[in-house]
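*Asks:* Residue-level listing of the chains:
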Amino acid sequence: MGPASAPRRFGPIVTGVVLGLVIALGATVGQPRPTPAHAMDFFYCMHLVPPFTACDQFVGSIPAQGNRATYPGSGTVSVCEKVLRANDGTQISRRCANTTVASGTDLPNGPANNCFVGNNDNGQHTVNGKAVTA
Amino acid sequence: MRSKTIAASMLGAAFATAVIGTTVINAAVGGSDTTVQPTEQVNPQLATHFAILRKPASSDTSLQSAQSAEVMADTGVNPSLTRTGARAGSDLALVTPSQKGLCLGSKELGILTCGDSAEAISGTVVGAIICGRLPVDQVEVLGAFPDDVKQVEAELSDGTTATYPINDNTFVQQFDKSRPVPLYFSFTAGGAPQRTRTGVPTEGSLAC
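These protein sequence lines are chains A and B, in that order. In case it helps, my numbering puts the first sequence at residues 1 to 134. In case it helps, my numbering puts the second sequence at residues 1 to 208.
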């Protein structure tokens, strides 16, 4: 085994690394939102929302334990989060604040719920939603 | 030899998928929510503007779990450094340091909002709880203000104004939804006039 044989020895490993990267990249293509960044966080909305309007919702099969709205741009914009209990539509959380707002202790463990975020300003702004599940 | 080649390829693929692939997937999701370690201290610059942050942290350990801070974990908020602010009835305003600045909440309702240092110093860390664990006919307004803000003037929903004192750098008060509620706060912070929404929606119903 001389130095010249080293590339041949590592060839299969390099091939495997390239194959793995292709698999990893493939997993990201066409992935629908909401998408978990890790086991518990789901991101939704993340686009321009008209003034005083709620954005699309995150509907989980398990209860969200937290919901958050964030304005990702510069300046001060009021945003809102809202959570409805899925089985009866009861509004169990609704909060608004500048830049970012969270549901705090509003969400009990119980039936699954539907999370919303919204724009509480008179201009059009991007609003990022984040739901946290157990 | 062929089986060794296949094994080596699979090993490489597994490594790339597990290590490189995870990074790629997380980045593709947006990368907007990264893991941030809870801050271990109050931001020194912020402490010069907030007397409440120059006080020791509360020794009431129940405040740590009471805040439901998980959804704000990416701010580096550290509930063990919580300071207690103004009181409204049985509720208590809480100011909690984060890596970026501070978070504002209450003992009974948990974390409401967070702001970076610039936002905190400008007095715009303000928000409202319209529906949740409070009576459905009430709305709670919370704000964190720097030392030079001794009071705020509120523009109420009926067009009138009212003045409220700021205690311990915080404002917390519940309002009856059937009566005028504050929509904007005006004040002077750092010599500059400020006007910010309280969070109480100016459009639509406040019903839960």
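FYI, nobody ran anything at the bench for these hints, they're computed from the structure. Treat the hints with caution; some may be incorrect.
What the hints assert, rightly or not - Label-pair distances were calculated between CB atoms; the ranges are:
#1 A:87 x B:37: 36 to 42 Å
#2 A:51 x B:157: 33 to 39 Å
#3 B:191 x A:86: 48 to 54 Å
#4 B:179 x A:52: 19 to 25 Å
Said to hold, decoys possible - What the simulated footprint calls covered on chain B by chain A, stretch by stretch (three residues with Cβ under 8 Å from a Cβ of chain A suffice, anywhere in the stretch; the number is not a length):
#5 57-71
#6 101-109
#7 145-152
What the hints assert, rightly or not - From chain A, some residues computed to sit far from chain B (all C-beta separations above 10 Å):
#8 66
#9 88
#10 98
#11 102
#12 106
#13 112
Remember, it's a predicted structure, so these values are computed and weren't measured experimentally. Ideal Cβ placement from N, Cα and C applies to all residues, glycine included.
*Asks:* Next step is simple, just say for each hint if it's right about the structure.
*Replies:* Hint check results:
Residue 87 (chain A) and residue 37 (chain B) have their C-beta atoms about 38 Å apart, which keeps the hinted 36 to 42 Å range intact. Remark: the range hint 33 to 39 Å for residue 51 (chain A) to residue 157 (chain B) is contradicted by a beta-carbon distance near 18 Å. One distance hint, 48 to 54 Å for the beta-carbon pair residue 191 (chain B) and residue 86 (chain A), holds here, with the actual separation near 49 Å. Between residue 179 (chain B) and residue 52 (chain A) the CB atoms are about 22 Å apart, so this pair conforms to the stated range of 19 to 25 Å.
With 5 residues having a Cβ less than 8 Å from any Cβ of chain A, the segment 57-71 of chain B passes the three-residue criterion, so the hint holds. Beta-carbon proximity to chain A at under 8 Å applies to 4 residues in the segment 101-109 of chain B; the threshold of 3 is reached and the given coverage holds. Closer than 8 Å: that is the beta-carbon criterion, and the segment 145-152 of chain B has 0 residues meeting it against chain A, so the requirement of 3 is violated. For residue 66 (chain A), the non-interface assignment is contradicted: its Cβ lies about 3 Å from the closest Cβ of chain B, within the 10 Å cut-off.
Consistency note on residue 88 (chain A): stated as away from chain B, and its beta-carbon is indeed over 10 Å from all of that chain's, at 13 Å minimum. Not every beta carbon of chain B lies more than 10 Å from that of residue 98 (chain A), the smallest distance being close to 5 Å; the non-interface claim is violated. Against the 10 Å criterion, residue 102 (chain A) falls within the reach of chain B, whose nearest CB is about 5 Å from its own CB. Its beta-carbon lying about 4 Å from the closest one in chain B, residue 106 (chain A) breaks the requirement of being farther than 10 Å from that chain.
With a cut of 10 Å on Cβ distances, residue 112 (chain A) stays outside the contact zone with chain B, its closest approach being about 17 Å.
Checked against the numbered hints listed earlier, the structure breaks hints 2, 7, 8, 10, 11, 12; every other hint is satisfied.
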